[in-house]
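Sequences are here, hints too, so could you generate the full structure?
Just so you know, the protein sequences line up as chains A and B, in that order. With our numbering applied, the first sequence closes on residue 777, and no number is skipped along the way. With our numbering applied, the second sequence closes on residue 124, and no number is skipped along the way.
Calculated from the structure, these hints are not laboratory results. Some hints here could point you the wrong way.
Keeping only pairs whose Cα atoms sit at most 25 Å apart, straight-line, the calculated PhoX-like set for lysine-lysine is [to be verified]:
hint, chain 1, residue 1, chain 2, residue 2
1, B, 105, B, 80
2, A, 688, A, 731
3, B, 105, B, 66
4, B, 80, B, 66
5, A, 688, B, 66
6, A, 718, B, 105
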Amino acid sequence: SQQGEEDPQALSIQEGENATMNCSYKTSINNLQWYRQNSGRGLVHLILIRSNEREKHSGRLRVTLDTSKKSSSLLITASRAADTASYFCATGPQSLTGTASKLTFGTGTRLQVTL
Amino acid sequence: DTGVSQDPRHKITKRGQNVTFRCDPISEHNRLYWYRQTLGQGPEFLTYFQNEAQLEKSRLLSDRFSAERPKGSFSTLEIQRTEQGDSAMYLCASSKGQVAKNIQYFGAGTRLSVL
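Here it is in structure tokens:
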């Protein structure tokens, strides 16, 4: 079953604008990741934020994490047509052993960037 | 190119037939995961391996599904007596298995259509 929800489900913006997507999750986590999926293709990892981090940047991406609210946001600045894709947050469960396991994905935000 | 290969890319089959998919992970990754994704949804976890050991199976994985990873290298996912509800994208991913860096690298997926 899905871990949580992404909001909005779909977002349409013009090139150059910023895009913000939100993710909520349900259980305690070790980290939260964002992935991108182009239509009909596999997922590509974008950024990982650990549960003890509040904000992280990578290029035009900025991710925030609020573990008290069990929520995260992904901001894409100065969007480009090539950013058109679906974006998913994914969480890994807490582990005492330090080993990784499955990811639980949200329902995704479909981003359309027009020229 | 993420380095994870899946074969075939597309499979069309008739209801009741058996199908088998193959996944070749990134060579140094000891963890291999299978996910299923239906239209408009995020990937849902099916099962994962550490080396040749199958460590967890989702309740989604009915007794018609079986996965193997002989010798801890490539993996196969077999679906017996396919049903129309099995139509989906089947995604394979691999990782190094460390919680701190549980970044999973996905293949392009196998799209199954059951007629």
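Now for the hints, and whether the structure bears them out:
{"no.": "1", "hint": "B/105 to B/80", "verdict": "holds, 17 Å"}
{"no.": "2", "hint": "A/688 to A/731", "verdict": "holds, 10 Å"}
{"no.": "3", "hint": "B/105 to B/66", "verdict": "holds, 19 Å"}
{"no.": "4", "hint": "B/80 to B/66", "verdict": "holds, 19 Å"}
{"no.": "5", "hint": "A/688 to B/66", "verdict": "holds, 20 Å"}
{"no.": "6", "hint": "A/718 to B/105", "verdict": "holds, 22 Å"}
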